[in-house]
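Asker: Chain by chain, the residues run as shown.
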Amino acid sequence: MNRVTCAAARELLLDADPVLLRAQRDSALERHLRTCPSCAAAARAVLENDRALADALAELAGSPRAARPRRGRWLAIAAPLAAAAALLLVLWQRDPRQDTAFAPIPLPAEHVPDVPIVNAPATGTVAVMRTSNPNITIVWSLES
Amino acid sequence: MSDEPAIDELVRASQRGDELALARLLAAMRPRVYRWALVHTGQPDDAEDITQQALLKLHHGIGSFGFAARFTTWLYAITRRAAADWRRTRHRRLTLLGARPIEEKYAMQHHDSRSRLLQLVREQLGSLPARQRELFDLVDLQGLSPAEAADLLGLNHSTARVHVLRARRAIRARILAVHPHIVEEMR
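Residue numbers (our numbering), protein chains in the order written: chain A, 2 to 145; chain B, 1118 to 1304.
Check the hints yourself; a few may be wrong.
Facing chain B, from chain A, some residues (calculated, C-beta under 8 Å) [to be verified]:
#1 Leu13
#2 Leu14
#3 Ala43
#4 Ala55
#5 Ala123
#6 Thr126
#7 Trp141
#8 Leu143
Restraint-style ranges between C-beta atoms, simulated for each label pair [unchecked claim]:
#9 B:Gly1178 <-> A:Ala53: 32 to 40 Å
#10 B:Arg1198 <-> A:Gly125: 23 to 31 Å
#11 B:Ala1290 <-> A:Asp56: 16 to 24 Å
#12 B:Ala1145 <-> A:Arg45: 33 to 41 Å
#13 A:Ala123 <-> B:Ser1244: 26 to 34 Å
#14 A:Arg23 <-> B:Ala1185: 33 to 41 Å
#15 A:Pro38 <-> B:Leu1173: 52 to 60 Å
#16 B:Ser1181 <-> A:Asp27: 24 to 32 Å
#17 A:Arg26 <-> B:Leu1173: 42 to 50 Å
#18 B:Asp1135 <-> A:Arg26: 23 to 31 Å
#19 A:Asp18 <-> B:Ala1186: 37 to 45 Å
#20 B:Thr1276 <-> A:Glu12: 19 to 27 Å
#21 A:Asp27 <-> B:Gly1180: 35 to 43 Å
Coverage of chain A stretches by chain B, computed from C-beta distances (three or more under 8 Å per stretch; other residues unrestricted) [claimed, not checked]:
#22 44-54
#23 57-63
The set of hints was computed from the structure by calculation and includes no laboratory data. Nothing here was measured: the structure is a model prediction, and the numbers come from that model. For glycine and all other residues, C-beta sits at the position ideal for the given N, C-alpha and C.
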C-alpha cells in the first residue's frame, strides 16, 4: 500500500478531483486525508471555497440552487408591473385601434403570485424572464 | 445534462413555430446563459447585456439549428461570441474615453451582499484566462465531467482537462496561501 507524505499530499491537493478531497473512497490521497488533520483541513478549505464560489454564481445567476427570498422579490416586481399595467391601460383606452398591447394584470397585493402574469397580445406570445436583479423582470413579446 | 431531452423538445416545437415553446425555452435558458456571461465578464450589467444579445440570436437563429451538436453547445457558442463582442466594444470604449476598467468601481463598493458575492467571484476567477474560467465553472462548480464540458465547448477532451487542472492549481494555490497555518503544518 503506497503511503503519501504531507508534501506529496499538498501537491496532489492542487490538482485532485473534488470528489477525492471528500476522502470517502480509497485512493492514496484519500487514505492520507483520513489520517492527517492538517491535510484534511486544507482539503476542507478547498471544498468550502468551491462551494462558496458555486453558491455565489448560482445566487447571482438567479438559478434555483441558491435559496432566494421569494415573496418580497415578486412584490418588488409586481409593483412596477402594476404601474406599467395602469399606464398601458390608459394608453390602450386612448387608442381604440390598439388591440395587441400586452400588460401585466394588476392584482391586489395579497394575491401577488410567485410568477408575474402578463396579458399576451392576441397575435403572439410573451417570454417572461427573471433577472439577477430582483427589481427587473424582462418580458419579450413574440409576435407572429 | 439531465434536462437535455426536455430542452430539445422545446427547441423542436419552437422550430415548428410554437411561440409558447419558444417563450419557455428562452425563460429556461436565461439563467444558464447569464451564468456563462457572468463567468466571462464578472459584471452583472454587462452579463445581462450579453445574455439579451445571446437570447436574441437564439430567437433569430433557432430555425437554422440542425441538431448536429447539442443545443446547449450551440447556445454556448452564441454566448461566447456575444461575450467576445462585448470585450471588443468595451476595449474600444475604454480606449476612446481613456477610462479605467469598471472593475475598480465595483471593487470600491462591495458593501452589500450582492456586491460581496461579485467580489468573491471576481477575486477567484478574475485572474484566470477565459477558457480556464469557463471550464473550472462547468467542471468543478457545476459538476460536469471534463469530457462533457469539452463537448459543450467543442474542445478536445485532453485540452479541456489541462485547462481544468491549471485553473484548479491557480485557485487552490491561492487558498492554501491564505491559510498559512495549514501549509505550515503540512511541512
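Asker: Each of the hints needs a verdict: does it hold here or not?
Answerer: Status of the hints after comparison with the structure:
1. With a cut of 8 Å, the hint placing A:Leu13 at the interface with chain B is violated, because the nearest CB-to-CB distance is about 11 Å.
2. Satisfaction of the interface hint for A:Leu14 is found here, the shortest Cβ-Cβ separation to chain B being roughly 7 Å, below the 8 Å cut-off.
3. The restraint placing A:Ala43 at the interface with chain B holds, with a minimum CB-CB distance near 4 Å, inside the 8 Å limit.
4. Because the smallest distance between the Cβ of A:Ala55 and any Cβ of chain B comes to about 4 Å, under 8 Å, the interface hint for this residue holds.
5. Hint status for A:Ala123: violated, given a least beta-carbon distance of 12 Å to chain B, over 8 Å.
6. Taking 8 Å as the C-beta contact cut-off toward chain B, the hint placing A:Thr126 at the interface holds, the least distance being around 4 Å.
7. Against a cut-off of 8 Å between C-beta atoms, the interface hint on A:Trp141 holds, since the closest Cβ of chain B lies about 7 Å away.
8. With 8 Å as the threshold, the beta carbon of A:Leu143 comes within range of chain B, its nearest partner Cβ sitting at about 5 Å, so the hint holds.
9. A beta carbon spacing of about 36 Å between B:Gly1178 and A:Ala53 agrees with the range 32 to 40 Å that was offered as a hint.
10. Checked against the hint of 23 to 31 Å, the C-beta distance between B:Arg1198 and A:Gly125 comes to roughly 27 Å, which is consistent with it.
11. The supplied range of 16 to 24 Å is met by B:Ala1290 and A:Asp56, whose beta-carbon atoms lie about 22 Å from each other.
12. A C-beta distance of roughly 35 Å is found between B:Ala1145 and A:Arg45, which places it inside the suggested range of 33 to 41 Å.
13. As the Cβ distance of A:Ala123 to B:Ser1244 is approximately 52 Å, the hint placing it in 26 to 34 Å is violated.
14. Range check, A:Arg23 to B:Ala1185: Cβ separation about 38 Å, and the 33 to 41 Å hint holds.
15. Hint check: A:Pro38 to B:Leu1173, Cβ distance near 53 Å, so the stated range 52 to 60 Å holds.
16. In this structure the hint that B:Ser1181 and A:Asp27 lie 24 to 32 Å apart at CB is violated, the actual value being about 50 Å.
17. In this structure, A:Arg26 and B:Leu1173 meet the distance hint of 42 to 50 Å, their C-beta atoms being roughly 46 Å apart.
18. Judged by the Cβ atoms, the range 23 to 31 Å given for B:Asp1135 and A:Arg26 is violated: they are separated by roughly 46 Å.
19. Evaluation of the 37 to 45 Å hint for A:Asp18 and B:Ala1186 yields a failure: the beta carbon distance comes to about 26 Å.
20. At about 23 Å, the CB distance of B:Thr1276 to A:Glu12 agrees with the hint of 19 to 27 Å.
21. Checking the proposed 35 to 43 Å range against A:Asp27 and B:Gly1180 shows it is violated: the Cβ atoms sit about 52 Å from each other.
22. Check result for the segment 44-54 of chain A against chain B: holds, 6 residues qualifying (beta carbon to beta carbon below 8 Å, three or more required).
23. Three residues within the 8 Å Cβ limit are the bar, and the segment 57-63 of chain A against chain B gives 7, so the coverage statement holds.
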